[in-house]
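The listed protein sequences correspond, in order, to chains G and Z. The first sequence runs 1 to 419 under the working numbering. The second sequence runs 420 to 764 under the working numbering.
Hints are supplied without guarantee of correctness; some may be wrong.
As the list claims (entries may be wrong) - PhoX-like mimics (lysine-lysine), calculated; alpha carbons at most 25 Å apart, straight line:
id: 1; chain 1: Z; residue 1: K462; chain 2: G; residue 2: K11
id: 2; chain 1: Z; residue 1: K759; chain 2: G; residue 2: K286
id: 3; chain 1: Z; residue 1: K447; chain 2: G; residue 2: K407
id: 4; chain 1: Z; residue 1: K447; chain 2: G; residue 2: K221
id: 5; chain 1: Z; residue 1: K759; chain 2: G; residue 2: K414
id: 6; chain 1: G; residue 1: K407; chain 2: G; residue 2: K221
id: 7; chain 1: G; residue 1: K270; chain 2: Z; residue 2: K448
id: 8; chain 1: Z; residue 1: K447; chain 2: G; residue 2: K11
id: 9; chain 1: G; residue 1: K407; chain 2: Z; residue 2: K759
id: 10; chain 1: Z; residue 1: K447; chain 2: G; residue 2: K139
id: 11; chain 1: G; residue 1: K3; chain 2: Z; residue 2: K462
Claimed, not checked - Reference excerpt, derived from the structure (chain G facing chain Z, CB under 10 Å, subset only):
id: 12; residue: M119
id: 13; residue: N293
id: 14; residue: N297
id: 15; residue: D300
Bear in mind the hints are in silico, worked out from the structure with no lab data behind them. The model shown is predicted, which means the values in this text are computed figures rather than measured ones. Quick reminder that beta carbons are idealized off the backbone N, C-alpha and C, glycines included.
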Amino acid sequence: MIKRSFLGLVKPALRYNLAPDSVQELPVPNKVILLLKVSENGGRPSTLKVGDAVKTGQRLSASPDSVEYVISSVTGTISAMAPYVGTLGQRYTAITIDARGQDEWDDSFNKTPTLDTCMKFFEYAPGSPSFKGFADPEKSIRTIVISGMDQDLLLTANQYVVQSQAADIKAGADALKQMAGVDRILITVPENLVQQANTTGAEVKVVRATYPNSLPHMIMKDLLGQVVSAGDTLEDAGVVFVSAEAVAALGAAFRTGQLPVTKVVTVVGKDGRTTNVRARLGTPLKDVLQACNVTVNDRDRLILGGPMRGAATYSEDLPVEPSTDGVVVQDDVGSAQVTDYPCINCGECIRICPVRIPVNMLVRFLEARLYEDAAAMYDLHCCIECGLCSYVCVSRIPVFQYIMLGKYELSLIKTAEAE
Amino acid sequence: MSSEKNVAVPHDLFPWKPAQEMGRGPEKKLVVAHAPYWHDGSKIATKNYNIMIAALPAVLMGISQYGAPALGVIAFAMACAMIWELVMNLAMGKPFSIGDGSAAVTGLLLGMLMPATAPWWVIALGTFIAIVVGKQIFGGIGFNPLNPPMLALAMLVISFKGVFDFNEALRHYDLGFVMTYPLADLKAFGPGVIGKFSLGDLFMGKQAGAVGSTFGLGLVVGGLYLILRGYMRWEISLSFLAGVFITAWLFNMADSAKYAGPMFHLFAGYTLIAAFFLVPEDSSSPVNFIPMLIFGACAGLMTVLIRNIGMYVDGVPFSILLMNLANPLLDRIRPKAIGKVVKNA
Numbered sequence: 001m002i003k004r005s006f007l008g009l010v011k012p013a014l015r016y017n018l019a020p021d022s023v024q025e026l027p028v029p030n031k032v033i034l035l036l037k038v039s040e041n042g043g044r045p046s047t048l049k050v051g052d053a054v055k056t057g058q059r060l061s062a063s064p065d066s067v068e069y070v071i072s073s074v075t076g077t078i079s080a081m082a083p084y085v086g087t088l089g090q091r092y093t094a095i096t097i098d099a100r101g102q103d104e105w106d107d108s109f110n111k112t113p114t115l116d117t118c119m120k121f122f123e124y125a126p127g128s129p130s131f132k133g134f135a136d137p138e139k140s141i142r143t144i145v146i147s148g149m150d151q152d153l154l155l156t157a158n159q160y161v162v163q164s165q166a167a168d169i170k171a172g173a174d175a176l177k178q179m180a181g182v183d184r185i186l187i188t189v190p191e192n193l194v195q196q197a198n199t200t201g202a203e204v205k206v207v208r209a210t211y212p213n214s215l216p217h218m219i220m221k222d223l224l225g226q227v228v229s230a231g232d233t234l235e236d237a238g239v240v241f242v243s244a245e246a247v248a249a250l251g252a253a254f255r256t257g258q259l260p261v262t263k264v265v266t267v268v269g270k271d272g273r274t275t276n277v278r279a280r281l282g283t284p285l286k287d288v289l290q291a292c293n294v295t296v297n298d299r300d301r302l303i304l305g306g307p308m309r310g311a312a313t314y315s316e317d318l319p320v321e322p323s324t325d326g327v328v329v330q331d332d333v334g335s336a337q338v339t340d341y342p343c344i345n346c347g348e349c350i351r352i353c354p355v356r357i358p359v360n361m362l363v364r365f366l367e368a369r370l371y372e373d374a375a376a377m378y379d380l381h382c383c384i385e386c387g388l389c390s391y392v393c394v395s396r397i398p399v400f401q402y403i404m405l406g407k408y409e410l411s412l413i414k415t416a417e418a419e
Numbered sequence: 420m421s422s423e424k425n426v427a428v429p430h431d432l433f434p435w436k437p438a439q440e441m442g443r444g445p446e447k448k449l450v451v452a453h454a455p456y457w458h459d460g461s462k463i464a465t466k467n468y469n470i471m472i473a474a475l476p477a478v479l480m481g482i483s484q485y486g487a488p489a490l491g492v493i494a495f496a497m498a499c500a501m502i503w504e505l506v507m508n509l510a511m512g513k514p515f516s517i518g519d520g521s522a523a524v525t526g527l528l529l530g531m532l533m534p535a536t537a538p539w540w541v542i543a544l545g546t547f548i549a550i551v552v553g554k555q556i557f558g559g560i561g562f563n564p565l566n567p568p569m570l571a572l573a574m575l576v577i578s579f580k581g582v583f584d585f586n587e588a589l590r591h592y593d594l595g596f597v598m599t600y601p602l603a604d605l606k607a608f609g610p611g612v613i614g615k616f617s618l619g620d621l622f623m624g625k626q627a628g629a630v631g632s633t634f635g636l637g638l639v640v641g642g643l644y645l646i647l648r649g650y651m652r653w654e655i656s657l658s659f660l661a662g663v664f665i666t667a668w669l670f671n672m673a674d675s676a677k678y679a680g681p682m683f684h685l686f687a688g689y690t691l692i693a694a695f696f697l698v699p700e701d702s703s704s705p706v707n708f709i710p711m712l713i714f715g716a717c718a719g720l721m722t723v724l725i726r727n728i729g730m731y732v733d734g735v736p737f738s739i740l741l742m743n744l745a746n747p748l749l750d751r752i753r754p755k756a757i758g759k760v761v762k763n764a
């Protein structure tokens with residue numbers, strides 16, 4: 001954890017980890033757990049049942065016409081199916097597959113690079129790319145940004161991919177450009193990966209190595225010169241962000257004909273030591289941690305993602321998902337604790353906010369649950385979710401949590417009004 | 420609110436676990452909290468203890484000059500402030516907050532503004548005003564619209580003129596320098612008589628006055644320490660000093676026979692302690708850049724206005740309180756958030 005510097009007048013510099021560790025390949029786990037999203041009207045899966053044999057790379061969906069699917073990362077049999085509810089209430093079906101040694105590859109994936117293929121097979125690829133923006137007639141996507149720099153501190157999964165799989169990124173970028181019909185494709189990398197990035201054929205942009213410069217909104221503002229309006233998505237602004245790992249997976253899949261079934265994960269132990277591993281999607285976190293010699297005890301925190309934007313989870317039995325770039329284990333001693341002290345108006349958050357939100361006022365409104373006022377008067381929707389306000393808060397107010405809660409409550413109101 | 424609660428995980432939340440793994444003893448209980456999982460380690464107590472450390476040079480100078488009575492004033496003010504805070508915590512059924520050092524700092528600063536001869540009941544009353552009226556009835560730390568020590572000082576100065584008449588209060592002391600209060604002399608006799616105070620003496624603490632507010636060098640060193648450590652906002656301190664300097668200079672330019680020079684106003688009275696310890700108080704001052712400058716500069720301007728043409732000897736408490744009232748309005752001047760869409764523009 002990076003502490004406040006002695007000269008507190010200077011803004012704290014949170015530097016990204018720019019030295020990707022080499023990747024340790026994990027063996028195929030005994031079982032994988034795949035979290036299949038339950039679509040709006042979805043009931044129990046009709047096409048899947050316990051006891052079904054599945055092959056590696058097989059597309060599993062709840063019903064033939066469902067848009068939600070997962071790709072089996074092992075060959076074996078489905079041993080359990082159960083409902084699972086995510087952090088913000090998203091409903092999933094957790095499909096447990098017992099692996100059976102050798103991989104047998106499913107052959108339904110054909111190598112024609114079209115948008116349909118991508119939407120049908122690659123939304124469960126590592127980095128969980130979304131291709132819906134390209135297919136949406138209301139959005140005109142003109143630019144694709146390949147994130148070769150990891151968004152959160154300590155993580156290096158995407159940087160590792162840029163470093164070692166530049167050829168795959170090139171293939172993937174070419175395929176993407178062709179099927180999406182965009183004018184411009186960029187790759188954002190830290191200074192030390194420019195050489196590798198130059199071989200990918202995409203326009204190279206260098207990201208400064210301090211947090212939060214690699215967050216999509218900051219890249220839009222600093223490197224594309226385009227500010228995303230509050231409340232708009234990146235797609236609304238005509239830009240789709242895809243992680244380098246997803247692009248490389250795409251390129252590799254069109255080359256080999258095998259769908260991506262592994263994910264590079266940066267594991268951070270309690271001592272801050274980082275290890276990169278390549279695991280099958282759906283590998284239980286327990287197996288990953290064990291392979292890295294990281295033990296988790298009572299009252300520890302197990303964080304999916306990085307230290308600034310990750311999500312602490314409650315069980316080692318949860319699987320590695322396509323979006324899991326990192327797993328951080330944090331000891332109870334020394335982990336950030338929040339308090340219910342009020343804001344003392346010191347202004348630290350104002351000085352550090354990258355988008356100049358009046359956080360001191362915003363947090364007062366959010367504490368009072370005046371979410372609509374917070375959005376209307378104090379720029380709640382401008383927040384790019386970097387978490388720096390909580391990081392510097394002298395009163396240790398969970399500012400970031402209040403902001404996310406406010407956004408969530410407002411989204412509920414919006415959905416309710418739409419119905 | 421608390422993140423420290425354990426999250427108990429019953430087994431049936433994991434129905435996908437094979438039966439043989441069930442009942443193998445309790446699950447590990449992990450702590451779930453919202454991001455970020457890092458914090459820069461700052462806390463209110465550290466900040467307040469640093470303010471106390473920064474105030475030490477000036478306080479020690481006061482104690483060395485006035486001896487045990489000065490120590491008594493400081494110690495009694497801090498103790499009283501903490502007791503009032505504790506009493507209010509108990510009365511309002513709130514968790515004890517004296518550990519954060521905020522009450523101690525308020526008491527310390529109020530003590531520093533008092534003469535060494537202040538009677539005990541003035542200190543007890545002053546800390547009551549600062550802590551109870553100034554802060555706790557608004558909801559405690561962070562909610563006070565006015566600077567607590569300033570509010571207390573203003574009320575005391577108005578109510579007990581004799582106690583704060585430094586010439587009268589310090590008449591039994593002879594510390595080897597001019598023992599009249601510079602600002603009182605200025606008010607009574609005009610700038611003609613202030614020639615007896617050399618600027619060097621004023622800055623080095625060789626002036627009569629309150630326990631902790633006469634040693635300019637100590638206050639500046641402490642203030643710079645706080646600014647560099649990021650505990651006080653340099654924008655407010657500097658603009659306050661600039662406001663005092665420029666206003667005094669303009670007055671002096673206009674009529675030097677009637678108004679004292681700017682350096683005298685900087686080094687005399689409560690100016691330096693206000694600049695570094697009182698004006699930038701967190702809760703009652705703005706946080707955006709331009710409002711901070713306006714706030715400080717206007718407080719400086721008001722200070723000199725009151726000193727030069729007002730009726731009080733020192734304008735510091737009143738100017739700060741006035742600007743405190745303007746704070747919510749001032750802080751509406753803020754930069755446009757990036758991405759903000761202005762409708763009907």
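- prompt: Do the alpha carbons of G:K407 and G:K221 lie within 25 Å of each other, as the hint requires?
  reply: OK: G:K407 and G:K221 at ~22 Å, within 25 Å.
query: Can the restraint linking Z:K759 and G:K414 be considered satisfied, given a maximum Cα separation of 25 Å?
result: Holds, at about 19 Å.
task: Verify the proposed pairing of Z:K462 with G:K11, using a straight-line Cα cut of 25 Å.
output: Given pair Z:K462, G:K11 holds - Cα atoms ~16 Å apart, limit 25 Å.
field: Cut-off 10 Å, beta-carbon criterion: hint that G:N297 touches chain Z
entry: With Cβ-Cβ at 7 Å, under 10 Å, it holds.
Holds or violated: Z:K447 to G:K407, with C-alpha atoms at most 25 Å apart: Judged against 25 Å, a Cα distance of about 32 Å means the pair is violated.
- prompt: Is G:K3 within 25 Å of Z:K462, Cα to Cα?
  reply: Since the Cα atoms of G:K3 and Z:K462 sit roughly 12 Å apart, the hinted pair holds (cutoff 25 Å).
message: Run the distance test for Z:K759 versus G:K286: straight-line Cα separation, threshold 25 Å.
response: violated (43 Å)
query: Given G:D300 as an interface hint, is the shortest Cβ-Cβ distance to chain Z below 10 Å?
result: holds (6 Å)
- prompt: Do the alpha carbons of Z:K447 and G:K139 lie within 25 Å of each other, as the hint requires?
  reply: violated (46 Å)
message: Checking one constraint from the list: CA of Z:K447 to CA of G:K221, max 25 Å. Satisfied?
response: Judged against 25 Å, a Cα distance of about 43 Å means the pair is violated.
- prompt: Taking 25 Å as the top limit, are the C-alpha atoms of Z:K447 and G:K11 close enough?
  reply: Between Z:K447 and G:K11 the Cα gap is close to 38 Å, so the pair fails against 25 Å, i.e. violated.
field: chain Z contact restraint on G:N293 - CB to CB distance below 10 Å
entry: violated (17 Å)
In this structure, the hints that do not hold are numbers 2, 3, 4, 8, 10, 12 and 13, in rising order.
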